[in-house]
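One-letter residues, chain by chain:
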Amino acid sequence: MHNFDFVKPSSVADAVRALSAEGAQALSGGQTLLPTMKQRLAAPAVLVSLTGIADTKGVSLSGGALSVGGATTHAVVAQEARKHYPALADLAGGIGDPAVRSRGTIGGSLANNDPSACYPAAVLASGATVITDRRRIAADDFFQGMFATALHDGEIITGVLFPIPEKAAYVKFNQPASRFALTGVFVAKYGSGVRVAVTGASANGVFRWTEAERALSASFTPAAIAGLSLPSEGMIADLHGSAAYRANLARVLTGRGVASAH
Amino acid sequence: MPKDGGIGASTVRREDIRFLTGKGRYTADINLRGQAYACFLRSEVAHGRINRIDTAEARAMPGVLAVMTGADFAAMGGNPAGWHIPSRNGEAMKEPKRPVLAHGKVRHVGDAYAVVVAETLEQARDAAGAVVADITELPAVVDMAQAVANPDLRVHDEIANNVCFDWGWIEDNRAAVDAAFKTAPHVTTLELVNNRLVPNAMEPRASIGDYDPGTGDYKLYTTSQNPHLSRLLISAFVMGIPENKLTVIAPDVGGGFGSKIYHYGEEAAVLAASRALNRPVKWVADRSESFLSDAHGRDHVTRIELATDLEGNFLALRTETLANVGAYLSNFATATPTFLHGTLMAGPYRTPLVYVNVKAVFTNTAPVDAYRGAGRPEATFSIERVVDKMCRELKLDPVAVRRKNLIQPDQYPYTTPVGLVYDTGNYPATLDKLIEIADFSGFEARRAESARRGKLRGLGLSTWIEACGIAPSNLVGVLGARVGLYDAATVRVNATGNISVMTGAHSHGQGHETVFAQIVSDKLGIPASSIDIVHGDTSKIPFGMGSYGSRSLAVGGSAMVKAVDKIIAKGKKIAAHMLEAAEGDIVFEDGKFSVTGTDKSKTFGEIAFSAYVPHNYPLESLEPGLEETAFYDPANFTYPAGAYACEVEVDAETGRVEVVGFACADDFGNVMNPMIVNGQVHGGVAQGIGQALLEAAAYDDNGQLLTGSYMDYAMPRADDLPMFTVDHSCNTPCTHNPLGVKGCGEAGAIGSPPAVVNAVIDALHRGGHTHVTHIDMPLTPSRVWSAIQN
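Protein chains in written order, with our numbering: chain A, -17 to 244; chain B, 114 to 903.
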């Protein structure tokens, strides 16, 4: 790790100001950034910690939706979202291990948009709104491919607003080594229809399986998608699974998500 | 009942107190006054010609004390192979020089070619980034079949076809084996891969070189399983430092699994740097360096054939193996796929005819050497998989087939067709015990219950044997070993009656400090708390060969018992004098020397005191003092054996395998500490399940390690494993060592992989996927799913 300066502002405005400095880099839970720095693959001049801003932390109900502050840790979501949005709590409680969950944050995960991360599936399947220091971004516009998002340089995720579904489930199939999602599927049933988001599978990052959404909106049963399949084109192929395998997992996990939605 | 704290007691491990409270003292914990820090530069390409290494800018960086490259070590000796394996045609094996730092060429990703030494680690790393290496990348050869077939691809310019040796065992038997295959009613053939593994000791390698300019003495603190062997290699082969001027200290070592047997170039480099700078130089590997540069394990590609009659009686066995040795020969790389593999190809069976062919192949990958089990897991896996495949082909019961081919209890000593003499065993007994403890009779009900949950349940079996307690020196000498494989112990009774035992064995997790004290306590009637076990420091311990190959107790422990016997014999002489009796009338029992048939006696403490304060002592015929050393060279290998059963559930939709049951019935001979033996089996089985389902070191075609971190290299975790059922009640004591012990450290890793794979194949067949005859390890969800699809 190279030397760096460290600041921990207590307001969003101060954080935005600090991030405008040359070589500044936002630091939330640091679960990706710090290992990268330790390997000397990143060397920011200034780390701007976002975890000292009180009003970007916590879980609350806001007009029938669940509001999660950007700097809220997975452990807090796992606990505090439980009675409002249990599938979201399940997802948060299944990320990494206790050490990761007590440091990693929802904002950090979304800003990084790792193609195998769990949170993007929840945000996309819930049709959530990502709130930043300067605007509101619909989930469908936020994710723009592997490690790419709609965020501008220095833009900070201050919160995420999740519409609460009637039923939902997140089913994750672990990559055996990292235990990231080899493939993960979030299924959410709303009055307006069903949304299905798949993470870990596509080379373009999280995506909606619209064909399944249509079928499940008509009938929210595993049988409704039994005849569907996902094409393997564009799926990730690596040591841990071929493109066809990931396409299969997405299909199987979607069915299991429907069966276990609560 | 065992004596309290003596042989057979499940004494709690005394060393765990310091390990669990953070008081262990590992190499990285040692900080010497004035020490500097080393950072190695490692090749980023698998194969390349070094044109020029420009160190000028790095030397000018803050805090930099020295930059050394391969050229600085070119005149030094190479790190040698410990075993010469001639080819079938009598040719000597190919032994390319393995330099301290790569010189001329780099031959694998991670091959160290320079070292920067600086005041701080950060400065050393900064300066390493300023070293400019002009290296022309050359085509890499990674795949063994390609390495053997393509004469244009050479890891070492002077070795055509990259073959180190082409070994046949036993060559004289080959014609008879081939003839048996020609007439056999049935032949089962299987091609399989024994996957390459990264050892992943919890503690990465680390070394501190400490040269004392006042005395000219060198000290090396290092992560070693055998400090005397490392000292010998450094002194006699690599650096020429006289042995009496070099002390090697392996303090607490956090696991090795074989990877810390070997001498590595970093050890010589920190010694040389310390000598050049007149100050200590420390290096601690990070995890990435461990992945790239620790000696890996396994990596065989094998074709095995089993000839049988139609009732499943084994008639002959034949194998051809390509064994990867990586870019350079690590110290035991040549012995592992040959005398620790080919000689085990009879397994626990009466197969009358066996022939083994092994070609060791150089590739542009990290060196491969012994890893927990070392050759014997490869042998067991090949045999137990082909036996299972044969049973399926002939629709025979895998238990019955194994049972009728096992060597019977009245056949010992049993000479195998591959050159070993099994001294004792009872393989049918462990198989019967296994069927009982694994509840074979309840399997069908469990299978039906799994089926109700949509899971395919399977039951897999393996019977295994190993040769350990390595090894009779005269025998291994004939077979090409360049070292002896005895061990040594010194038992020092102090004047006040407590005891220090200096052992050549090295504990890096095994629990020697506890078990060895139990044995001495049992033999001498002294409380274990008064006995200390000293290991790991060549300036304190006698010349022993260290710990690997499940040898510590069988060989090192036997040396210790011999030394204790000498203590008792001398004590009797002292007691006879003090008690005014004939030496022949003195009996020693429960810590007391008595005159037989009388109430006259002296305690062990009184005898010890007299030996050091010899006022009433037979000085004219006996030296004072009570300290004895013994060397023990085993008369034979020991032959632990057992039978393992694995039960799995397979999720056919995803290919995921869950191990839901695992049972082990082992024969380790006499058991000194059942709790520690259970722990050794648990750990070995965890590693075996890891190999079977999770672990694989994968290189791409350019020789880049794809699994260079825990993001991609899957280690077994507690929730990947079931509760284990372990039994070692069917024991037949070893006939040729004083404790009757056989060794248990590697067993779990040897017996478990085939049981797991056999269980998965069984589950798939029971689920109707009968086209699947084999899946190569690791049986990842993706591979199992693909096998089902095809």
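Simulated from the structure, these hints should not be mistaken for laboratory data.
Check before you lean on any hint, since a few could be wrong.
[As the list claims (entries may be wrong)] A few chain A residues that don't get close to chain B, going by computed Cβ distances all over 12 Å:
{"no.": "1", "residue": "42"}
{"no.": "2", "residue": "45"}
{"no.": "3", "residue": "219"}
[As the list claims (entries may be wrong)] Chain B is faced by these chain A residues, among others (derived, beta-carbon under 10 Å):
{"no.": "4", "residue": "-16"}
{"no.": "5", "residue": "7"}
{"no.": "6", "residue": "19"}
{"no.": "7", "residue": "31"}
{"no.": "8", "residue": "34"}
{"no.": "9", "residue": "44"}
{"no.": "10", "residue": "126"}
{"no.": "11", "residue": "164"}
{"no.": "12", "residue": "171"}
{"no.": "13", "residue": "221"}
{"no.": "14", "residue": "235"}
{"no.": "15", "residue": "237"}
Idealized CB from N, CA, C, for every residue including glycine.
Now for the hints, and whether the structure bears them out:
1. 42: Nearest chain B Cβ is 33 Å from residue 42(A), so the label holds.
2. 45: Answer for residue 45(A): holds, closest chain B Cβ roughly 39 Å.
3. 219: With a cut-off of 12 Å, residue 219(A) comes too close to chain B, as the shortest Cβ separation is near 10 Å.
4. -16: Nearest chain B Cβ about 8 Å off; hint holds.
5. 7: violated (20 Å)
6. 19: Hint violated; residue 19(A) Cβ to chain B Cβ min 13 Å, cut 10 Å.
7. 31: violated (22 Å)
8. 34: violated (27 Å)
9. 44: Hint on residue 44(A): violated, closest Cβ of chain B at ~36 Å, above 10 Å.
10. 126: Hint on residue 126(A): violated, closest Cβ of chain B at ~24 Å, above 10 Å.
11. 164: holds (8 Å)
12. 171: Nearest chain B Cβ about 22 Å off; hint violated.
13. 221: It holds, given that the least Cβ distance between residue 221(A) and chain B is near 6 Å, below 10 Å.
14. 235: holds (8 Å)
15. 237: holds (9 Å)
In this structure, the earlier hints numbered 3, 5, 6, 7, 8, 9, 10 and 12 are contradicted, and the remaining ones agree with it.
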